[in-house]
Amino acid sequence: MINKIVKTMAEAMEGIKDGSTVLIGGFGAVGQPALLIEGLIEQGASDLTIVANNAGTGRAGLARLMELGRVKKIICSFPRSAGSVVFEELFKAGKIELEIVPQGTLAERMRAAGAGIPAFYTATAVGTKLAAGKPVQEFDGRSYVMERALPGDVALVEAWRADRWGNLTYRSSGRNFNPVVATAAKLTIAQSQHIEELGELDPEIVVTPGIYVKRVIHLPYGDPKS
Amino acid sequence: MINKIVKTMAEAMEGIKDGSTVLIGGFGAVGQPALLIEGLIEQGASDLTIVANNAGTGRAGLARLMELGRVKKIICSFPRSAGSVVFEELFKAGKIELEIVPQGTLAERMRAAGAGIPAFYTATAVGTKLAAGKPVQEFDGRSYVMERALPGDVALVEAWRADRWGNLTYRSSGRNFNPVVATAAKLTIAQSQHIEELGELDPEIVVTPGIYVKRVIHLPYGDPKS
Amino acid sequence: MTEKDWQPLSRGQMAARVARDIPEGWYVNLGIGIPTLIADQVSGDREVIFQSENGILGMGRAPNPQHVDPWLINAGKQHVTLQPGGAYFHHADSFAIIRGGHLDLCVLGAFEVAENGDIANWATSEADSAPAVGGAMDLAAGVRRLWVVMEHVTKEGKPRLVKRCSYPLTALKAVHRIYTNLAVIDVAVEGFRVKETVPGLSLESLQNMTEATLIDDRAN
Amino acid sequence: MTEKDWQPLSRGQMAARVARDIPEGWYVNLGIGIPTLIADQVSGDREVIFQSENGILGMGRAPNPQHVDPWLINAGKQHVTLQPGGAYFHHADSFAIIRGGHLDLCVLGAFEVAENGDIANWATSEADSAPAVGGAMDLAAGVRRLWVVMEHVTKEGKPRLVKRCSYPLTALKAVHRIYTNLAVIDVAVEGFRVKETVPGLSLESLQNMTEATLIDDRAN
Numbered sequence: 001m002i003n004k005i006v007k008t009m010a011e012a013m014e015g016i017k018d019g020s021t022v023l024i025g026g027f028g029a030v031g032q033p034a035l036l037i038e039g040l041i042e043q044g045a046s047d048l049t050i051v052a053n054n055a056g057t058g059r060a061g062l063a064r065l066m067e068l069g070r071v072k073k074i075i076c077s078f079p080r081s082a083g084s085v086v087f088e089e090l091f092k093a094g095k096i097e098l099e100i101v102p103q104g105t106l107a108e109r110m111r112a113a114g115a116g117i118p119a120f121y122t123a124t125a126v127g128t129k130l131a132a133g134k135p136v137q138e139f140d141g142r143s144y145v146m147e148r149a150l151p152g153d154v155a156l157v158e159a160w161r162a163d164r165w166g167n168l169t170y171r172s173s174g175r176n177f178n179p180v181v182a183t184a185a186k187l188t189i190a191q192s193q194h195i196e197e198l199g200e201l202d203p204e205i206v207v208t209p210g211i212y213v214k215r216v217i218h219l220p221y222g223d224p225k226s
Numbered sequence: 001m002i003n004k005i006v007k008t009m010a011e012a013m014e015g016i017k018d019g020s021t022v023l024i025g026g027f028g029a030v031g032q033p034a035l036l037i038e039g040l041i042e043q044g045a046s047d048l049t050i051v052a053n054n055a056g057t058g059r060a061g062l063a064r065l066m067e068l069g070r071v072k073k074i075i076c077s078f079p080r081s082a083g084s085v086v087f088e089e090l091f092k093a094g095k096i097e098l099e100i101v102p103q104g105t106l107a108e109r110m111r112a113a114g115a116g117i118p119a120f121y122t123a124t125a126v127g128t129k130l131a132a133g134k135p136v137q138e139f140d141g142r143s144y145v146m147e148r149a150l151p152g153d154v155a156l157v158e159a160w161r162a163d164r165w166g167n168l169t170y171r172s173s174g175r176n177f178n179p180v181v182a183t184a185a186k187l188t189i190a191q192s193q194h195i196e197e198l199g200e201l202d203p204e205i206v207v208t209p210g211i212y213v214k215r216v217i218h219l220p221y222g223d224p225k226s
Numbered sequence: 001m002t003e004k005d006w007q008p009l010s011r012g013q014m015a016a017r018v019a020r021d022i023p024e025g026w027y028v029n030l031g032i033g034i035p036t037l038i039a040d041q042v043s044g045d046r047e048v049i050f051q052s053e054n055g056i057l058g059m060g061r062a063p064n065p066q067h068v069d070p071w072l073i074n075a076g077k078q079h080v081t082l083q084p085g086g087a088y089f090h091h092a093d094s095f096a097i098i099r100g101g102h103l104d105l106c107v108l109g110a111f112e113v114a115e116n117g118d119i120a121n122w123a124t125s126e127a128d129s130a131p132a133v134g135g136a137m138d139l140a141a142g143v144r145r146l147w148v149v150m151e152h153v154t155k156e157g158k159p160r161l162v163k164r165c166s167y168p169l170t171a172l173k174a175v176h177r178i179y180t181n182l183a184v185i186d187v188a189v190e191g192f193r194v195k196e197t198v199p200g201l202s203l204e205s206l207q208n209m210t211e212a213t214l215i216d217d218r219a220n
Numbered sequence: 001m002t003e004k005d006w007q008p009l010s011r012g013q014m015a016a017r018v019a020r021d022i023p024e025g026w027y028v029n030l031g032i033g034i035p036t037l038i039a040d041q042v043s044g045d046r047e048v049i050f051q052s053e054n055g056i057l058g059m060g061r062a063p064n065p066q067h068v069d070p071w072l073i074n075a076g077k078q079h080v081t082l083q084p085g086g087a088y089f090h091h092a093d094s095f096a097i098i099r100g101g102h103l104d105l106c107v108l109g110a111f112e113v114a115e116n117g118d119i120a121n122w123a124t125s126e127a128d129s130a131p132a133v134g135g136a137m138d139l140a141a142g143v144r145r146l147w148v149v150m151e152h153v154t155k156e157g158k159p160r161l162v163k164r165c166s167y168p169l170t171a172l173k174a175v176h177r178i179y180t181n182l183a184v185i186d187v188a189v190e191g192f193r194v195k196e197t198v199p200g201l202s203l204e205s206l207q208n209m210t211e212a213t214l215i216d217d218r219a220n
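Residue numbers (the numbering used here), protein chains in the order written: chain A, 1 to 226; chain B, 1 to 226; chain C, 1 to 220; chain D, 1 to 220.
Rather than coming from a laboratory, the hints here were simulated on the basis of the structure. Everything numeric in this text was worked out from a predicted model, so none of it was measured. Don't take each hint at face value.
As the list claims (entries may be wrong) - Mimicking DSS-like on lysine-lysine, the simulated pairs with C-alpha atoms at most 30 Å apart in a straight line are: (1) B:17 - B:129; (2) A:95 - A:72; (3) B:214 - C:173; (4) D:155 - B:134; (5) D:195 - D:4; (6) B:95 - D:158; (7) A:129 - C:77; (8) B:95 - B:134; (9) C:155 - C:77; (10) C:155 - A:92; (11) A:134 - C:173; (12) A:92 - A:17; (13) B:134 - B:214; (14) D:163 - D:4; (15) C:4 - C:158; (16) B:129 - D:4; (17) D:77 - B:72; (18) C:77 - C:195; (19) C:163 - A:129; (20) C:4 - A:95; (21) A:129 - C:4; (22) A:134 - A:92.
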């Protein structure tokens, strides 16, 4: 029997190595796999490259992971935002590398990684400093920049409902980057508010088919509807 | 009030011009917008380029459109199949152009057209005659062929449920190419088994958001569950 | 400058002015700042569908404080609601909508707009090495129409409508129209065409607050 | 050839032989023909998840004739069922699964396989200008493991395991293993390694039916 549900955070985090690229779902606090990030802090892997929309806020979660010196590089669209104090400190001190990527390009680069596409062209960022050094090609009279796929070793995902095959659904705008990062990593780990019996999830509403998910851990932290 | 629902086939087909590229959903008979294809036959546009997985079977529907001499070119993955008699006749007689595209590349080229990506790289078809003449580039030690986006002027779609904003859902494997072609054309027209009041479709289960759909026509032809 | 016999628009008035020009049926993305205020200014009898980068079409107004759904925010991370007919999708699908040219309009704030339509709205200096770009470049390059809403000059009185942007660019030749607190200006091939000015403001006075040359295209 | 003291496998036996090697938990796509027969040969106590190009994961067996869902077919256009835990998705998402390297295995039929792993399975001659490629090239280039199941020789007795394919190629260096009606053969860097032969068949006899050179790698 296939059973991707693990009981403990230690099992969920097993095998994440130093030097990994970790893709993290969420947009702001919504859909962020906050408990898995805590688990990663506990687990101890370092020298990490983090791919996420934001560079963390406050001093918990992703900010804490950075503050502990475990993040070598962050790839994101929105490094500086209200409360991104840890990132600012580390960046000013030259202790963290930064790659700024337009938000849509960030999503598409991960989608490409999951879909077997090593590179694609986009009009986004053409003529700006975020396209500096990248190949530019003209198609039908317009210029486009070539962007490369962005694969991860690990992806951390927050789901709403999950089953033992790893099928996932999300909750409203908590979907955001989660289904995208889930496709792009070798080891996708989901925390889920609810665990359902196999067959309970309507096959029409599964957003992330289980093929993309290696481990699921049941971490309910507050369903306002239940 | 936004109302994309049209009452007659004539309204649904209005403005389709000679020389159009028409993307057609469906895989085999399932999910094929059969009644819209009938409407297109009636409407009269000719010199068409058809993009569909198959090249029609029997002498009705797409095969009929071809038999009437209205199709200049077909772009598909599976031209020859049981019953593709009309295509075979026309092709042997040199009366129709054919572009064979691997099925995944066909889907991805339309997805790219809908997503603003003029070109992408894929490992599919590298070293085969379907990659002949196309640019090849190496990424991380593997060769990939560059494929171009495949946009349409018109897309014909079969949906299961629809509302007046043009939101669509599909039924099981009838989904197939439909949501993909819907994103890739300037004028996307959907036939739907069911029309729902606005708000009846759960926002979590909408597969094609209404932004991609210009017209919806209610054409129930047999819901085995109703 | 002599005593003013004209009044600049307030932020709310600027938002209302933009809202007037959005017809029923458009799909619209609103940036943070003044653009966000536009949604509430679109009159209720016109259906306009708002998109948010984080995977929403049919975004509605701010929720009643008693009915906040913690999972439902907009791209500015404010709590919002969903209208009947709305839908959720993931980030790659959301930016496929943006980058694929499916939105009729995006309204963004900006630091500067150049007379050729270049926009600078994400970084205040070349030396700033960690500015937040978010979805601005995707929106500016991807949508069918880009409108900018901003103060006509900086707090220091420097023009924002310039010959050439001095700040790092967001996109090239992208802006179609600019709504400032003083005027409505189309960006045309030949340069800035002034369509409208606040009552009492002369083109000459407006030109004095504008670096690039203005073309008078007002109705009367 | 003298009187045979060995029996080739039937199509059903070939499917069963392949099925034995598919472990629990694999995600598998089966091509049309003999590969399609494999699903029914996977024993019920092992969960194997079958994918179909037309947007299905968790595809089940053929339906009871009284309970056919007309909307539910596989890539071979036969009616199928969906297992509990299955899911539907569209064609671009389906081929993202295939092309993104997420399937553990694809089993295809073929006309020829070359000793370097090249496969030819979609067109029978360079002159055929309208062959149906379907998803074969995507599968062959995209999945983690490609196994081929086919008769060892053509009806005319010509070898299908060749030095170099004579038919138009589907993919280069793609095949990992071949199951024929006579043998199981791994495609290794050094060429075809014979892992298993039907009882009574000598390597010499097998070599006589094979164009490329075989390496004996049988357990005993």
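Does residue 214 of chain B lie within 30 Å of residue 134 of chain B when you go C-alpha to C-alpha?
-> The given pair, whose Cα atoms are some 34 Å apart, is violated under the 30 Å limit.
Could you grab the alpha-carbon distance between residue 214 of chain B and residue 173 of chain C and see if it respects the 30 Å cut-off?
-> Measuring from Cα to Cα gives roughly 29 Å; hence the hint holds.
Given the hint that residue 77 of chain D pairs with residue 72 of chain B, does the C-alpha gap stay at or below 30 Å?
-> holds, 27 Å
Does the structure keep residue 155 of chain C and residue 77 of chain C at a Cα separation of 30 Å or less?
-> holds, 27 Å
Taken at face value, is the distance from the CA of residue 4 of chain D to the CA of residue 163 of chain D at most 30 Å?
-> holds, 26 Å
Does the alpha-carbon distance linking residue 129 of chain B and residue 4 of chain D stay inside the 30 Å limit?
-> At roughly 41 Å apart (the allowed maximum being 30 Å), residue 4 of chain D and residue 129 of chain B break the hint.
Could you grab the alpha-carbon distance between residue 17 of chain B and residue 129 of chain B and see if it respects the 30 Å cut-off?
-> violated, 33 Å
Quickly compare the C-alpha distance for residue 155 of chain C and residue 92 of chain A to 30 Å and report which way the hint goes.
-> This hinted pair holds, its Cα atoms lying about 28 Å apart.
Are the Cα atoms of residue 4 of chain C and residue 158 of chain C separated by 30 Å or less?
-> Given that 30 Å is the threshold and the Cα spacing comes to 18 Å, the pair holds.
Given the hint that residue 95 of chain B pairs with residue 158 of chain D, test it: the Cα-Cα distance must not exceed 30 Å.
-> violated, 36 Å
Assess, step by step, whether the Cα of residue 163 of chain C is no farther than 30 Å from the Cα of residue 129 of chain A, and give holds or violated.
-> holds, 19 Å
Is the Cα-Cα distance between residue 4 of chain C and residue 95 of chain A 30 Å or less?
-> violated, 52 Å
Hints 1, 4, 6, 13, 16, 18, 20 and 21, counting from the list given before, are not met by this structure.
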